[in-house]
Each structure stands twice: as structure tokens, then as C-alpha cells.
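Enquirer: Chain S is fixed; fit chain B onto it per the hints.
Each chain is listed here by its residues.
2 protein chains.
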Amino acid sequence: MKATSYKPGQVIFKNGDPADGLYIVSDGQVGLYFPTNMSANQPDITLEKPAIFGEMGVIDNQLRMATARAFTDVTVIFVSRKEFEQRLEGADMVVRGVLGILSERLRDMQRKKIKNS
Amino acid sequence: MKATSYKPGQVIFKNGDPADGLYIVSDGQVGLYFPTNMSANQPDITLEKPAIFGEMGVIDNQLRMATARAFTDVTVIFVSRKEFEQRLEGADMVVRGVLGILSERLRDMQRKKIKNS
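Going down the list, the protein sequences come from chains S and B.
Counting from 137, one number per residue, gives the positions in the first sequence under the numbering used here.
Counting from 137, one number per residue, gives the positions in the second sequence under the numbering used here.
Please note that the accuracy of each hint is not assured.
Copies of the same chain look alike in the list, so a pair counts if it fits in one copy or across any two.
Claimed, not checked - DSS-like cross-link-like pairs, simulated, lysine-lysine; straight-line CA separation at most 30 Å:
hint, residue 1, residue 2
1, K150, K138
2, K185, K138
3, K251, K138
4, K218, K185
5, K248, K143
6, K248, K138
7, K248, K150
8, K251, K143
9, K138, K218
10, K218, K150
11, K185, K150
It should be emphasised that the hints constitute simulated quantities derived from the structure, not laboratory data.
Isolated chain S (complex conformation) (with noise of 0.2 Å):
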């Protein structure tokens, strides 16, 4: 894990980056910016502590879906792909069964809403 310091504005991650670890917010605002917002100054989602971000990418292998940036001077933690995945082995059995079914059942939904739109 390590701690990283963005002022108002930075770019923490942009959508379509290679997706190489999560964000856990520390201190500060972050706003995430899907595709479709054409506005640059009003976030679709502000996220403050604790919440976690970009945990989709490193569950799923995928590229980012959103830009993550700084909405206030913000501490981010990041945790890479590797670690994720080493705190996940050290997890217990039924937790992390847990956590496996619920993000195939969200891929399986977010595959089929992206066929229905």
C-alpha cells in the first residue's frame, strides 16, 4: 500500500488505463468521470474516505471505465493488482468464495445491460 498526494484537478487514473491496482480514499474529495460526461468540472460520482475505487478493473482485468480525479486537494492509498491478490489468497475460504460469486454475478449483469442497451 502507498499513500499518494493529488492536488484539485490531477488525474489519478483515465479511463481506458491499463487497470493496475485499487484506490482506498484517505484525505480529500475524488471525482469519477464516465465516457459520457462531456462537463469536466462536475463529477458523476465524488467519492470521500473510506471508500474504495477502481476495484473493478483488478477484479475483472479490465481497462479503466471512468477518469478518477482529484475533486479537492486528496490522499489516495493504492493497493496494486499483486497485493490485492496475495490479501485475497490469506482471506478466508468463505470469503472470498463470497466475493468471487458476487463479482461473476455483476460481470454476468453488467454484460447483459450492455446487451440491452
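Expert: Leaving out everything else, chain B in the frame of chain S:
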């Protein structure tokens, strides 16, 4: 955790029952029947070891949304809600956080799906 065996056709839980825990298939096949399924013979989903089922009710604190019946001779391991919560409390902070996000997102998507259908 408690292992229980069921004979083919025996009900493990019924649609509408309170969700007091989750199950892990240890041996044999379990059939899940959604309320829309009028045929008592053909399950909507068949599960084998090491599948987990009945976890949504535990996470969501909702009633069972399907009926689970032994399809063959089966042995399942029951993990009570309380035990699952204890396992979760003992889990790594990041893993627990990600599990929390996934279940929240799944709830949201299911709510929207119900709204739109």
C-alpha cells in the same frame, strides 16, 4: 459450519424463507428453482462442489428468492449468518471493503432491474 445430507428432491430452503445463512455444496448436485419455474423437475440452475448458494439473503438480509432442493444425494455445509459475519470481521480490511462495494453495487443493479421490468 455444519454438514447436512439431503435425499434427491428434499428441500434445503424455500422461496420466501428467512435467510439465516449460506451453503457450500460439498457433494452431489443442488437445484435452484426460481418462483417463475413451474416445472418441479427441472431446476433453473444446478450447482456442484464447491459452489456457494444462499449468500444473497445473508448479505442483503432479504428472504430467500429461490427454492433450493437436492437434485441428487447431496451434502451441503451450512454457514450461519452470524458465523459469516464473524469471518468477515476477521477478514483483511481491503478484501472486506471490496466485498462491501460489490454487494452494494449488485443491490443497486438488482433494484434498477426490478424497477425497469
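Enquirer: None of the hints should be skipped; say for each whether it holds.
Expert: Do the hints match the structure? See the list:
no., hint, result
1, K150 x K138, "within (19 Å within a copy, 47 Å between copies)"
2, K185 x K138, "within (16 Å within a copy, 38 Å between copies)"
3, K251 x K138, "neither (37 Å within a copy, 41 Å between copies)"
4, K218 x K185, "both (23 Å within a copy, 27 Å between copies)"
5, K248 x K143, "neither (38 Å within a copy, 35 Å between copies)"
6, K248 x K138, "neither (36 Å within a copy, 36 Å between copies)"
7, K248 x K150, "both (25 Å within a copy, 27 Å between copies)"
8, K251 x K143, "neither (38 Å within a copy, 39 Å between copies)"
9, K138 x K218, "within (13 Å within a copy, 34 Å between copies)"
10, K218 x K150, "within (20 Å within a copy, 40 Å between copies)"
11, K185 x K150, "within (21 Å within a copy, 40 Å between copies)"
The earlier numbered hints that this structure contradicts are 3, 5, 6 and 8.
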